[in-house]
Amino acid sequence: MAASRAPESDGRRTAAAARRRKREAEIIAATRALFDRSGVRDAQIDQIAGAVGVNRAIVYRHFTGKEELFALTLVEYLNELREELVAADDSATDPPDRLRAITTAFADYGVTHPAFVDCAQTLMRRSGPELLDEISESALFRLGRAISSCLSVLSGALEDGVESGDFTVDDPTLLANTLYASGLGALQLARVGILVKEAAPGIPTVGQISREQVRDHLVASALALATR
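In case it helps, the working numbering puts the sequence shown at residues 54 to 281.
In short, the hints are calculated from the structure, not lab data. Source: prediction; values computed, not measured. Backbone N, C-alpha and C fix where the C-beta goes; we use that ideal spot for every residue, glycine too. Wrong hints could be hidden among the right ones.
[Said to hold, decoys possible] Derived DEER-like restraints, expressed as beta-carbon distance ranges:
hint: 1; residue 1: 255; residue 2: 231; range: 28 to 36 Å
hint: 2; residue 1: 270; residue 2: 177; range: 16 to 24 Å
hint: 3; residue 1: 277; residue 2: 67; range: 47 to 55 Å
hint: 4; residue 1: 280; residue 2: 97; range: 43 to 51 Å
hint: 5; residue 1: 216; residue 2: 254; range: 47 to 55 Å
hint: 6; residue 1: 247; residue 2: 179; range: 26 to 34 Å
Using the sequences and the accompanying hints, generate a full structural model.
This is how it looks when you write it as structure tokens:
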């Protein structure tokens with residue numbers, strides 16, 4: 054009799070797992086919608102839960118906490134970003150043009166999705182041990198896989214440039230990570246649109262900077278670092 058009940062039991066577990074994945078996806082979608090509408094800083098779990106039609110306890114049943122929910126929402130942005138980077142990358146062109154196209158695609162995505170930049174920087178403020186304490190291993194793996202899949206597009210172009218002699222990069226992986234991190238900071242500058250400088254010694258003033266200027270700077274910096 055026990056054997057005859059096993060398939061039914063397996064079916065219930067499969068259905069429960071499917072419902073759990075569906076609810077998780079709904080919560081992440083609601084989180085992203087809130088980020089895109091109101092920004093990351095003001096996002097509250099109660100708002101996210103209300104958008105899904107559940108209470109906050111249900112959210113915490115699916116995620117270890119706010120940090121994990123934000124991390125998995127970042128994964129959604131990163132998966133989209135990778136599609137943009139892959140579409141921009143053309144292995145038939147020379148490495149400098151590939152690097153220029155990939156960096157431009159990164160900058161354009163960040164300008165179009167400022168919440169992506171905010172979400173990524175929010176998590177980067179945490180140390181590795183802190184993230185391990187606040188995010189489950191499975192969520193951290195998904196986040197790492199999403200980041201590395203984006204960086205692999207960039208590092209692949211850098212590696213091909215080294216092989217062809219166009220680039221002089223000792224560690225393409227390190228440079229790819231550096232360009233990603235510094236690019237996030239520059240994209241915040243594009244969002245603010247303000248430069249701070251000295252009008253005279255000790256006298257500050259502000260100027261304007263456009264998104265296009267920031268994008269062009271990111272491209273020029275990437276090429277300079279790859280060919281120094």
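Range hint 26 to 34 Å: satisfied by the CB atoms of residue 247 and residue 179? Cβ of residue 247 to Cβ of residue 179: about 27 Å, so the range 26 to 34 Å holds.
For the range 16 to 24 Å, tell me whether the beta carbons of residue 270 and residue 177 fit it or not. At roughly 20 Å between Cβ atoms, residue 177 and residue 270 fall inside 16 to 24 Å, so the hint holds.
Quick check: does the Cβ-Cβ distance between residue 277 and residue 67 fall within 47 to 55 Å? Roughly 53 Å apart at Cβ, these two residues keep to the hinted range, so it holds.
Taking the Cβ atom of residue 216 and the Cβ atom of residue 254, is their distance within the range 47 to 55 Å? For residue 254 against residue 216, whose Cβ atoms are near 48 Å apart, the range 47 to 55 Å holds.
Using the Cβ atoms, figure out if residue 280 sits within 43 to 51 Å of residue 97. 46 Å, holds
Indicate whether the distance between the beta carbons of residue 255 and residue 231 respects the range 28 to 36 Å. 33 Å, holds
In this structure, none of the earlier numbered hints is contradicted; all agree with it.
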